[in-house]
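A.B. asks: Sequence:
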Amino acid sequence: MLNDEASASTKTSSSRSARSKKRKAEDMQDTTIHFDNKGDLRLQVGTEERIFVVCSRTVSRASEAFERMLHGPYAERKPADPNIDWVVKLPEDSARGLEVVLNVIHARFKLIPESLGPDVLFHVIAVADKYDMIEALKPWCKQWLAPLEEPEPGSIPLSQALQLLWTAWRLGSRALYNSLAGDLVLRIESKRLILSAADFGDYYLSNHQFSKMEGFKLANSASLIDPIVKARLEILNSMVEEVLDLKGRLKNPQSSSCKSTNTNAMIDPNTCKRMLMGSVYMHEDDWYCFPPSGAGVNETIAEFQAVTMQKLIRTFTTLPGHKLCNPADELNQIIAKAKEKTKYYRFVDWSMDRYFRQQAEKLGL
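Numbering (the numbering used here), first residue to last: 88 to 452.
I should point out that these hints are in silico values taken from the structure, not numbers from a laboratory. Hints are supplied without guarantee of correctness; some may be wrong.
Stated by the list, open to error - Beta-carbon label-pair distances, calculated as ranges:
hint	residue 1	residue 2	range
1	ASP219	SER325	39 to 47 Å
2	GLU237	TRP437	23 to 31 Å
3	PRO160	GLN230	47 to 55 Å
4	ALA152	SER246	26 to 34 Å
As the structure is a prediction and not an experimental result, all values here were calculated from the model. In this text, a Cβ means the ideal position worked out from N, Cα and C, and glycines have one as well.
With the hints as extra help, turn the sequences into a complete structure.
C.D. replies: Pasting the structure below:
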């Protein structure tokens, strides 16, 4: 894409030879991009220090943030000495994200990609949001999001989940946001017990620490993380409460749990009840390890269902002819109910719902 402008990079790279040695050979030729052949402003972008030669008037018209930065009483304003290059450093910005945005506002439409991966799209939207230029991307937002709203299973790396969550929120894609939030509820785990909602550093997505994942800061500042953590705790609490209620009924000699309709069963309901009670007491160690509340669950909801709950199911012993009395079906129903609750959990309240509708309309989704 940038081969026609590769020669311009040699001038810049020679003045930074020490740093250039650290760059990969294939990146060196793309150090400088001329978005305008008569560009008067050089943007030095990102940790890799890419040089973008742009028209200052174009970026000022497209962005009030740039207008204030370049023409206000700031260090970034144009030097009074015409012999000094006008250079503005943007070390915290994404070079690949800003490149797409600058192609848009400089009308270099043939160079705008038809599709973007979750990480690149995040950087594009993040930098456009920072400089208040998202609406300039309206013609491309829908086509960039389309393949991500119905992705192939496993096609989105977990490391990019928070990036895409924030992107979906910022662009107003409610369906994608809800889908991602629901998936995250099932996948996140904690590394210590009794967490408060603010202890995000103790939550992990696979081996990725939540608070250190790219996209976390923006997602957290938009209050997108807390509802997911609260939903996880709410669903776990509901599961734990129902299981403990079942345990209490099984151990209560006054409650009846016999459901057998087998007329050939020669064992009375009280014997059936005692058998189930005995199986719970015989496996008291397994039940003792069961957490008292959802806050005591470290593993993911999926792992909790597959390991801890299934372990309890295997502790039940019923009498011949009393298959219907086995509480395993009730535990499986608790698991199924939790999965459904995750699927239909309302992550979007009324105020956020209005925001999603406004953004979707604004950006043509």
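A.B. asks: All the hints need checking, so say for each whether the structure fits it.
C.D. replies: Do the hints match the structure? See the list:
no., hint, result
1, ASP219 with SER325: 39 to 47 Å, "holds, 42 Å"
2, GLU237 with TRP437: 23 to 31 Å, "holds, 27 Å"
3, PRO160 with GLN230: 47 to 55 Å, "violated, 41 Å"
4, ALA152 with SER246: 26 to 34 Å, "holds, 29 Å"
Checked against the numbered hints given earlier, this structure breaks only hint 3.
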